[in-house]
Every structure is written in structure tokens, then in C-alpha cells.
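Visitor: Let's have the full structure, built from the sequences with the hints guiding it.
As you go down the protein sequences, you meet chains L and W in turn.
Just so you know, the first sequence maps onto residues 1 to 168 in this note's numbering.
Just so you know, the second sequence maps onto residues 1001 to 1219 in this note's numbering.
Everything labelled a hint here was simulated from the structure, so no lab data went into it.
Among the hints, erroneous ones may be present.
To be verified - Under the rule of at most 30 Å between Cα atoms (straight-line distance), these lysine-lysine pairs were calculated in the DSBU-like manner:
1. W:K1056 / L:K45
2. W:K1143 / L:K85
3. L:K49 / W:K1183
4. L:K45 / W:K1214
5. W:K1197 / L:K45
6. W:K1139 / L:K154
7. W:K1191 / L:K75
8. L:K85 / W:K1033
9. W:K1034 / L:K45
10. L:K75 / W:K1177
11. W:K1177 / L:K49
12. W:K1034 / L:K139
13. L:K22 / W:K1034
14. L:K27 / W:K1139
15. L:K45 / W:K1177
16. L:K18 / W:K1056
17. L:K27 / L:K154
18. W:K1143 / L:K138
19. W:K1005 / L:K118
20. L:K22 / L:K49
21. L:K85 / W:K1139
22. W:K1170 / L:K85
23. W:K1177 / L:K154
24. L:K45 / W:K1183
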Amino acid sequence: MITAESILGNIYRDKGMKDKYKKMSSKCEAIRINRLESQRVRMRKTSDKGTDIALTLPNGSHMRHGDVVLLTDDKMVIVELEPEKVAVVEITHLHDEDAIEVPVRIGHTIGNLHRPIKLQDDRIIFPIQTDSEIDMFKKMFGELMHHLEVRADKMVFEPQEEMDVHEH
Amino acid sequence: MSSHKRIPRVGVGGPVGSGKTILIEVIVPILAKKGYKVGIISNDVVSREDADRMRKNLATEQGLMPEDLVVGLATGGCPHTAVREDPSMNLAAVEEMESKHPYLDLILIESGGDNITTTFSPALADYFIYIIDVSSGDKYPRKRGLGIETADLLVINKIDLAPAIGADLKIMERDAKIVRPNKPYVFVNCKTGQGAKEVADHIMHDVLFEQTPKAVAKK
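Guide: Below, the structure written as C-alpha cells:
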């Protein structure tokens, strides 16, 4: 068992770590966690290459996709978030007179169901448990559907940091 | 910031009557035998009945821990909200325990809650056990919900009652595997202790990392 006690950087966010990752690609291994686990500070995981890793991170740590938790001359261990089911809401038609009402009503509907969200270009992305929730959201959006497309997808979901809420 | 050292924490959740308290009562002696020292925080709506029972059994009668290491919290509302949305009351109790009893190896946090809503805030628990029992029918695992799906370990209790109520354990096992791919489940009978060692083994491996227990506290 190897112990990892801190997050050393991120291969997608830090250039130095990205370069190191490219150089060490054959020595890299990954541990896979879900979004709930990304907020935990203590866990035991086996990497995709079979390494037994005990994580004991400082209180309040939050792991992100691509975080490096262990780095030695012959080993680099990276955190991978499990892809999960999400709803993708895309605003397709928006006239000037709707510029406030439509986004506010979309936000109100999603917020009422206590979902964390991620904003990407003109899309609003939030987690769902089953594909059938897409139909439920289409019904709830009602007339707003003239302005929207709503579909299910599967992806690594990392909420906007200030828009992360508890879920039901 | 608190200066005391963080003690590993395990959340034990499940519906009323599923066997949370008795599960703790059967796994604490197994952990104690290995030398691990455990503190318990028990959430209830208005009473502190479960905490009183565990204190009497584990502390007073079996002498496995000092009496002040079983703390009852009367949450005054659905207990699951006190371990999920706003765990501040529980965090305060945990931090007080960490500060007063730094020699502890583990803190168990018990809270009632149904399969739809129950999960432990990652700020509060490092590991989450969800316990159900066969008397609600063999459909329970496939009904899913946060508790059943997100728990690190699913415990299915009262397996001795399965024939009496016509519950098929094979169906429960099949559905647990479908609903929780690659995640463990354990069938137990807490009345006899059957399966309790397996639950304790998961805690020792996944949370305590099989490390040597801390030195015994000085009096």
C-alpha cells in the first residue's frame, strides 16, 4: 500500500504537470472515483495497474479530473472521474425580448430540483439518474421548449464551483 | 482551523428498524478485539434511545469504551438532513470527540433515513454503509435510491426471516449486483452475528487501511 497525502497538480490545468505527464506516459496509472468520492479526503483505491493506494488528503480537499496524487521517478498516479449521466440543455432560439425571461425560467426550474450545474458555451449541463428524467424536464420546461433542445449524455461532470449544491 | 488530527469516520444509515444500532453493536466488539478504539455518534429525531442502548451494552456492560464515547444527537427533524445537507451539528460532535479523545481509531456515525434520500455528506463521512432488511421484500435493492446506490457497502440484514416472508435472497443478490456494479454487499443476521466479521473486514481494509491501532489512551 502506498500513501498519497496531497494533490500535487493537474495534468489538464497545469502546464508543468501536463509536460511531465507526456514524458511519463508509460509510467502513469489512474485511480477512478465518482463525484461524491471527489469530495472525500480518505479512501483506499486500486489503480488500473493494480497499485494499492491509500489517500489521506488535508481536510476540505476536493479532487478534480486529472489531479496528480502521487509522483515519483517511476510512477505518476492520476485521478479520473467516472463519467455519469447528464442532461444537456441547449438554448437554440433566443430573441432579444426573451433574453431575461427564458434563462431565468430555465434556471428557476433546474434550481428548484437542487441540481448542481455546469455552463459550457450555450449549454447548461446537470446530472440525472435515469434517461427518463429528460422527458420530465421537457414537461417542466413546457413552452420554453420552443427555445431549447434537451438531451441525455454521459460525461465527466464537474460542477461550476459556485453552483454545486446538495442533490435529491 | 482545528488543530486536532482527523479521525477516520464511517456513516451507518438505513430505514428505521433495519438494524443500524445492532449492526454497530456487533461490529464494535470485533474491532475492539483487534485493538481499534471506536467512538459512536447516534442521530435520532427526538429521543436518544439508540445511544442509550449502545452506551449500556458496549460501554457499561461490555466495558469496550468509556461511556462518554457514545453520543446521542436529537436532530429535531429528519435525521438524514443532519448528515447530508447540513452536517454542522454532527461535525461539531465529531470535532469535540477528536479533540477530547485523539487516541480513537474510528468514529461511527449512525443516522436513520430511507433509500431515496439517505447519503452522508463527504465532509462528514469517509465511508458510507447502508443497511436494509429482508422483511420489506426482495424488491428493495432494485428500488435503487441514493442510499442503496451510493453506499460504499450495502448490508442486507435479517436473512433468517427470508423464508417467513417469502423473500428470495438470490433475487436480492442479483439486483444488488446490477444496481451497484463492482461495489460490495454483505448478507447478515445481526441477531446471531452472521456476516458481521465481513462488515468489520471492509471497514478495516477500506477505512482503517489495516494499520496498527493507536496507542492506548493514558488515564
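Visitor: Take the hints in turn and mark each one as holding or not.
Guide: Tested hints:
1. W:K1056 / L:K45: Given pair K1056 of chain W, K45 of chain L is violated - Cα atoms ~37 Å apart, limit 30 Å.
2. W:K1143 / L:K85: The given pair, whose Cα atoms are some 18 Å apart, holds under the 30 Å limit.
3. L:K49 / W:K1183: 19 Å, holds
4. L:K45 / W:K1214: With Cα atoms ~23 Å apart, K45 of chain L and K1214 of chain W stay inside 30 Å; holds.
5. W:K1197 / L:K45: 21 Å, holds
6. W:K1139 / L:K154: Status holds; Cα separation ~28 Å.
7. W:K1191 / L:K75: 47 Å, violated
8. L:K85 / W:K1033: 43 Å, violated
9. W:K1034 / L:K45: 23 Å, holds
10. L:K75 / W:K1177: The hint is violated at about 33 Å.
11. W:K1177 / L:K49: 24 Å, holds
12. W:K1034 / L:K139: 56 Å, violated
13. L:K22 / W:K1034: Violated. K22 of chain L to K1034 of chain W sits at ~45 Å, over the 30 Å cutoff.
14. L:K27 / W:K1139: 45 Å, violated
15. L:K45 / W:K1177: 20 Å, holds
16. L:K18 / W:K1056: Violated: K18 of chain L and K1056 of chain W sit about 56 Å apart, past 30 Å.
17. L:K27 / L:K154: This hinted pair holds, its Cα atoms lying about 28 Å apart.
18. W:K1143 / L:K138: Status holds; Cα separation ~24 Å.
19. W:K1005 / L:K118: 34 Å, violated
20. L:K22 / L:K49: OK: K22 of chain L and K49 of chain L at ~18 Å, within 30 Å.
21. L:K85 / W:K1139: 24 Å, holds
22. W:K1170 / L:K85: Distance of about 29 Å is within 30 Å: holds.
23. W:K1177 / L:K154: 21 Å, holds
24. L:K45 / W:K1183: Measuring from Cα to Cα gives roughly 12 Å; hence the hint holds.
The structure shown violates the earlier hints numbered 1, 7, 8, 10, 12, 13, 14, 16 and 19.
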